[in-house]
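Engineer: So you can see what is in the structure, the chains are spelled out below.
Number of protein chains: 2
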Amino acid sequence: MSLLSLDSIRHVLARLEETIIFGIIERARFKRNEVIYKPDGVGRGLKGQSLVGFLLRECEKSHAKVRRYTSPDEYPFFARLPASILPIVRLESPLRPNAINVNAQVREIYETRMVPLVCEPGDDGQWGSSAVNDVNLLQAISKRVHYGKFVAEAKRRTQPKRLAALAAAGDEAGILAAVTDVSVETRVVARVRAKAATLAQEFGPRPGRYKVKPAIVAEIYRRWIIPLNKEVQVRYLLACHDGDGRG
Amino acid sequence: MSLLSLDSIRHVLARLEETIIFGIIERARFKRNEVIYKPDGVGRGLKGQSLVGFLLRECEKSHAKVRRYTSPDEYPFFARLPASILPIVRLESPLRPNAINVNAQVREIYETRMVPLVCEPGDDGQWGSSAVNDVNLLQAISKRVHYGKFVAEAKRRTQPKRLAALAAAGDEAGILAAVTDVSVETRVVARVRAKAATLAQEFGPRPGRYKVKPAIVAEIYRRWIIPLNKEVQVRYLLACHDGDGRG
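Protein sequence lines correspond, in order, to chains P and X. One point on numbering: in the numbering used here, the residue at position 241 of the first sequence is 455, and numbering is uninterrupted. One point on numbering: in the numbering used here, the residue at position 102 of the second sequence is 316, and numbering is uninterrupted.
Simulated from the structure, these hints should not be mistaken for laboratory data. Some hints could be false.
[What the hints assert, rightly or not] Pairs of lysine to aspartate or glutamate residues, derived as EDC-like cross-links and limited to a Cα-Cα distance of at most 16 Å, are as follows: (1) X:Lys357 <-> X:Asp287; (2) P:Lys275 <-> X:Glu272; (3) P:Lys279 <-> X:Glu272; (4) X:Lys279 <-> P:Glu272; (5) P:Lys279 <-> X:Asp254; (6) X:Lys279 <-> P:Asp254; (7) X:Lys275 <-> P:Glu272.
[Claimed, not checked] Label pairs and their computed distance ranges (CB to CB): (8) P:Lys275 <-> X:Leu390: 35 to 45 Å; (9) P:Gly418 <-> X:Val396: 16 to 26 Å; (10) P:Thr284 <-> X:Pro296: 24 to 34 Å; (11) P:Ser222 <-> X:Asp287: 11 to 21 Å.
Think of the CB as a built atom: it goes at the ideal place given N, C-alpha and C, for glycine as much as any other residue.
Could you put together the complete structure from these sequences and hints?
Structural biologist: Right under this line is the structure:
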């Protein structure tokens with residue numbers, strides 16, 4: 215049950231902020247390198263995939279073989295991954311069974327909105343390094359976003375009647391309002407910005423400058439990560455709402 | 215030629231420090247989880263491999279397919295990787311042809327010495343996350359260590375006669391002395407420690423504490439990363455020494 219304590223959830227989410235900030239800083243070393251997001255952009259050998267798509271899928275294939283996606287806090291970008299070659303351990307999940315996965319949106323927003331915000335325009339030829347960093351960062355953002363399921367389940371248990379009524383009525387806007395806490399969101403964005411101001415600072419010859427502007431990291435949270443997390447919460451609450459709590 | 219300017223080399227190495235520090239901080243989130251380094255430690259499905267070995271090899275296989283290891287600053291841990299499925303671009307390399315690869319040592323030292331220094335003892339069940347972080351960190355350390363080839367080539371060009379004479383005499387100790395600059399090494403270790411003091415600080419409820427002690431990061435550089443880098447330099451200078459500079 216500790217997975218659903220608000221303390222435990224807050225700790226995981228706060229720690230993931232640093233992972234995401236590290237990932238953004240690492241990606242910002244390289245230019246946009248748009249060619250790595252285009253199907254066949256780096257060569258026909260990839261059979262219609264982009265370089266990032268290819269590496270992400272290869273990564274997920276190998277991780278699926280060691281049962282990454284049996285964990286209730288890990289969601290793949292690709293379907294039809296290979297079976298695990300390790301014995302499956304049925305992890306005790308506090309979540310209701312559900313098939314919610316917003317990674318298509320995560321990837322679309324990442325490639326078309328976040329990268330242009332984080333990276334300088336142009337192509338520096340560092341395609342492989344950029345794509346490897348993209349894979350790591352996409353996986354961290356996906357984890358952060360899908361953690362909304364744990365947040366939603368915790369809320370469902372603390373205010374079961376109110377949320378069940380909204381869900382039974384299919385009231386998406388009502389659920390979104392119920393899971394929104396503007397003061398918490400403001401605090402998260404401010405905290406992320408403060409962390410980035412520490413972690414993204416340039417050392418050495420350019421003190422006082424940043425590898426990525428803290429305002430950009432804050433903006434990524436405000437515009438995309440927090441809203442996508444809430445979207446996961448809303449979808450979860452809509453899907454898992456039946457009266458006896460077994461939705 | 216700019217790849218061999220000391221400014222360019224210093225910039226790459228300094229920037230890699232942050233990547234390595236990020237990697238150490240990320241790995242330190244988890245306990246040692248010794249089982250992930252043992253052959254078949256997480257299950258027989260891996261056919262004698264450890265979890266880290268399996269994931270590292272799978273990662274290198276997919277990266278080899280997109281020609282990571284044709285780059286003169288990338289060296290794999292495994293042999294017999296698949297061929298590239300992209301057209302090979304012959305990158306202009308400023309290095310002499312050589313087959314130097316110290317990744318067996320890097321991996322041995324990483325698994326048996328660095329991890330116990332960085333992580334708390336015990337097993338927290340976070341095997342997959344620990345192993346994924348290991349793969350990223352091993353690759354960053356390998357890159358840093360093998361960058362010694364660029365350092366050595368730059369030195370070979372600035373003091374060709376002295377180094378060629380030592381190499382022709384097979385004087386390893388002499389070459390090691392020639393590539394050692396204690397004041398530079400001291401400065402690097404101090405800088406790494408200062409960066410870690412910034413990057414590894416705990417935010418939130420435990421200010422003034424560290425995710426990893428800066429002294430530990432400094433120690434990893436002092437005891438292993440710098441010496442392995444110099445070992446690469448020595449091996450390179452021994453192997454590439456003939457009189458006309460075409461060793």
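Engineer: Are the hints correct? Go through all of them and say.
Structural biologist: Tested hints:
1. X:Lys357 <-> X:Asp287: holds (6 Å)
2. P:Lys275 <-> X:Glu272: holds (9 Å)
3. P:Lys279 <-> X:Glu272: Since the Cα atoms of P:Lys279 and X:Glu272 sit roughly 10 Å apart, the hinted pair holds (cutoff 16 Å).
4. X:Lys279 <-> P:Glu272: Holds, at roughly 10 Å.
5. P:Lys279 <-> X:Asp254: holds (14 Å)
6. X:Lys279 <-> P:Asp254: The given pair, whose Cα atoms are some 14 Å apart, holds under the 16 Å limit.
7. X:Lys275 <-> P:Glu272: holds (9 Å)
8. P:Lys275 <-> X:Leu390: 35 to 45 Å: holds (43 Å)
9. P:Gly418 <-> X:Val396: 16 to 26 Å: Holds: the Cβ-Cβ distance is about 21 Å, inside 16 to 26 Å.
10. P:Thr284 <-> X:Pro296: 24 to 34 Å: holds (27 Å)
11. P:Ser222 <-> X:Asp287: 11 to 21 Å: violated (41 Å)
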